[in-house]
Amino acid sequence: MFRDAGLVAGKDLRIELRSQVTMQQVLPFAVLVLILFGIALDPDRGFLGRASAGLFWVTVLFCALLAIQRAFTIEAADGGRDALRLSGLDPAGIFLGKAAAIAVQLLAVEAVLAAGVVLMYGTEVTGVPLLVATIAAATTGLAAAGTLYGVLAAGLRVRETLLPILLLPVLSPVLIGATKAFEAALGGVAADGWPWLGLLVTFALLYLTFGTLAFGTLLEES
Amino acid sequence: MGAVAMTHVGYVVAGWAIPLVALGLYAVRVVVRGRRLAEQVPPEERRWS
Amino acid sequence: MEPAVQLRGAVTLLGRFPALAGIDLDVAAGEIVLFRGPNGAGKTTLLRLCAGLLPLARGEGRVLGHDLADRRQARALRARVGLLGHATGLYDELTVADNVRFWGRAAGADADDVAAALAGCGLDGRLRDVPVAALSAGQRRRTSLACLVARRPELWLLDEPHAGLDHDGRELLDDLVRRAVASGATVLVASHDLERAEALAHRVVTLVGGTTAPASPPAAGSVGPEEVALVP
Amino acid sequence: MSAPPTTASRATRAIGGLSLAGLALLLGYALWWSPPDVVQKDSVRIMYVHVPTAIVAFSACAITTLASGMWLRRRSEGWWVLGGASAEVGLLFTGACLVTGSIWGRPTWGTYWDWDPRITSTTLLFILLVGFLALRRVDNESGIAAQRGMRAAIVGLLLFPNVVIVHYSVDWWRSLHQPATITRLDPTIEGEMLFTLMLGIVVFALVFAWLLVHRFRLGWLEERVRATGLDAAIVERRAEADLAGRAR
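Chains as they are written, first to last, in my numbering: chain E, 1483 to 1704; chain X, 4 to 52; chain F, -12 to 219; chain Z, 926 to 1173.
Treat the hints as calculated values from the structure; they're not laboratory data.
Think of the CB as a built atom: it goes at the ideal place given N, C-alpha and C, for glycine as much as any other residue.
You may find that some hints are simply not true.
Chain X regions said to be covered by chain Z (calculated; three or more residues, Cβ under 8 Å) [what the hints assert, rightly or not]:
no., stretch
1, 9 to 17
2, 20 to 33
3, 38 to 46
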């Protein structure tokens, strides 16, 4: 299963390296959203600094939607789903491979976004271990749930509008957990953040397990 | 019991009227559509009576 | 020897439309069968059913010993089948070599199989590192043919294989099919390119309205197109 | 005696009668006989519809998840229809719960919306149901039920777990900011108020059951109409073959 996952992840990342969609489209979009928040929330009132955790994760959520849509647009190209079904790849491997590729791309976007937030919102970074752990757990959860709901919406005519309404309510616990953990880390009381990390890890494990089991039956859907 | 004038009358009435009316309308809609479809389906297909 | 493909009254739906409306078919292992018939007769659907991609709405079907009604067996069947259809199933951003390597290794082929497939399809020269997006339709079809060859399937399902191929391409395809059959594979071809396909096929079956028309007599070797047309 | 062409039956008439009687009794208690709350005075009477509809909404999601799970295992049409019926009726109750929640909140909080944990998670539940029903509608063009609705069944299977996770995280999130003081809606309940609340839960459960049975049968009929279309299509398709045969 993990061999297939590596194969699929490698393929997705190679396509990304060639097409540069995440780097040249999703990444600028992320920075743009930061700027829009800045414009909308009037930087002088110091509100941005306090809300930077929440704004960061809302932006990541939107970038995740774009990355997931992209991940399944590749497969929809020219009979890709049939080829996947005929390929002999283990469906669980395909799920983990796609999720891993999405996670890697999201991490890249999050890194730049973090720099942007520190630069533009003047957030002072403390409690780094908690920050890193939160980013890892939340990104895994986003990638796992995103891949599962992504394949659900793929191939449907109205997938652009259906995916957000299906996925975002499901991801709200990740938004809550990640934002709270970040606020604890940035606010200096890292101890409060660790329980939220528990929520993120549970969410990620739940969707990784369910995705691995359900992906085969979902790929079946012609 | 409840002799003194009820407070927040407007809210209480609204709080009860809106859901009950909604449930009633939905119930009527389901039963009517049910009746219309039931005619198109031969009786043995309907396993209730 | 168990027949490669055996269908009894098979019905397959595309949406609510019964593309196959009760079809009976028997194909022995190592046979090359050509399916003729008007557009919309159900040729493509028949190939996809035999590939285990479509569920059986009614009737029975066994392909390479797998029962099509059982979802798990239909899924297991797919790794042993190669489908060359209108859709190439290739990743436009990846190069020819990347595509053949990905689909080959997905089916367990090693580096030599991949290299052999590329060479076999004449793709190991200039085209090797060209992104598929930059290829012509014929070159894309050669690439998906190479992907199929790399996977070494036991059942070849070719949907309009000759379409878009130049002369060399057609020679190449016929040669690959003959070599595959020699090594025990079975081939089902759906095509309008009659004289080309008939030279290749052992037997011709006419498909109309989602089912087989009265079976035309087994074409002994190469039967001229005129004789076949007379038979309803 | 052939059944009259409706979705009603002895069972639904019984449940229907019972729920109407129960509703009358509930209205009596909720609006007149039960005492007003010391702090909230009479606005507490909305609780007797808000809490029961919330409970029914959550159980409707549980039924949809169960039905989706069973459909994935058995692929029998009944479970598929039950999943959809329960979600649709559940959506109606979730809407009622939201409306009554904000009306009840108005006198207490002074606004129609407050980030009260239950209202927030019920709103997210509402959107989850809307998404599920939207996916179901998009998903059931294809012919036979067995092949259809795979995606909606998976989302249905995840519906209740998602509801629980969302409810838990929202509750935990809001409990940091909103210590359980009087601003929370639930006054201490005992005696006659408790009885009225229990009565409310029973009555609305009956109403839900009645609606669910009728909506299920409506769904069942829709499936029958769709299935009868299939045989006709096969006959028509084979006729096309004869037509082509003769024409040549």
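Tested hints:
1. A count of 7 residues in the stretch 9 to 17 of chain X with a Cβ less than 8 Å from any Cβ of chain Z is obtained; the coverage claim is therefore met, three being the minimum.
2. With 8 residues bearing a CB less than 8 Å from a CB of chain Z, the stretch 20 to 33 of chain X meets the requirement of three and the coverage assertion stands.
3. Remark: the stretch 38 to 46 of chain X is confirmed as covered by chain Z, as 7 of its residues place a Cβ nearer than 8 Å to a Cβ of that chain, reaching the required three.
Violated hints are absent here; each numbered hint is respected by the structure.
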